[in-house]
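S.K.: Under this note's numbering, the first residue of the sequence shown carries the number 2, and numbering increases by one thereafter.
Worth flagging that the hints you see were computed from the coordinates, not collected in a lab. Each statement offered as a hint is correct.
Distance condition first, Cα-Cα at most 27 Å in a straight line; then the derived DSS-like pairs of lysine-lysine:
1. Lys-121 x Lys-94
2. Lys-16 x Lys-43
3. Lys-31 x Lys-16
4. Lys-96 x Lys-121
5. Lys-72 x Lys-43
6. Lys-297 x Lys-94
7. Lys-297 x Lys-121
8. Lys-297 x Lys-96
9. Lys-31 x Lys-72
10. Lys-43 x Lys-31
11. Lys-72 x Lys-16
Cβ pair distances, simulated, as ranges:
12. Gly-179 x Ser-248: 23 to 29 Å
13. Ser-56 x Ser-83: 33 to 39 Å
14. Gly-236 x Glu-182: 16 to 22 Å
15. Ser-248 x Ala-208: 18 to 24 Å
16. Arg-285 x Ser-56: 51 to 57 Å
For glycine and all other residues, C-beta sits at the position ideal for the given N, C-alpha and C.
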Amino acid sequence: MDDLNDLFFFCAVVKHNGFSAAARAIGVEKTRLSRRVADLEKRLGLRLLRRSTRSMTLTEAGERFYQQCQKVVDDAEQAYESIAELKNEPSGKVKLSCPVILAQSYLAPILSGFMEAYPKVSLLVVATNRQINFIEERFDLALRVTPAIEDSASLVARELGGASRILVASPDFLERNGHPEKPEDLNAQAIISDIQDGEVQWALSTADGHSHTLDLTPRLVTNDLRVQVEAAADGVGIALLPEPIASDALRTGELIHVLPEWSGSRHTIYLVYPRPRGMLPSVRSLIDYLVEEIPKTLDD
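Could you put the whole structure together from the sequences, leaning on the hints where they help?
M.R.: Written as structure tokens, this is what we have:
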């Protein structure tokens, strides 16, 4: 493909009615401008301009060529302007992946504040419990809940906060099945747990350093924490849940904290995104907002 700058130079000469005026307008030496237009005519095999000492006019071929070239130049200028707008003000679409329970419990309550602060930004929030591929699926950001995650060569992982998991059950369940007094008592109880292969292993610990690991066969298995909360409140069994997820049901008395001196491993919320080379303001604005707001929801 020919150098598109030559189209721009040609249009500038026509627009400013001469090489001298065009050279001054676009900041290019007159001799260079004349040479580039001459090279363009040579490649086309047609004269585009009639030159004289006092005037310059378009040939028929030049007139046709100018009309098409000006469209190309206008489109290119609009493309640059649209990118400049993105660089200067947050706008456009941001695509975010988030676990289902996180979207329901932590993200939904704070989204309206972001949308109000950045009216030109639109969000596509995909609530999914699987780990997405940033490149193939064209995601900008992802919220992930995991015991630990580290930066990589291509991704940044920012810790936003987290909570330990606690044992909970309904008053009715405990009345029917008894209150566990030590971790070993859980072996005889109905258990609600995340999806795992085969047996479920719960690693419990106390604040003073004692630990106990249990291999359990759950009665109900689901990767939806909201289902676990509701099942525990309905008396299905004992669940090991992130404390903020169970907090509402604990306040209302639907759930009771079981073995309160023991807790499960801490799960941390991370904001993960590709390393910020050429990051758009819309993406940066959402990162800054989530870094500030999600820790507040964890503290509530």
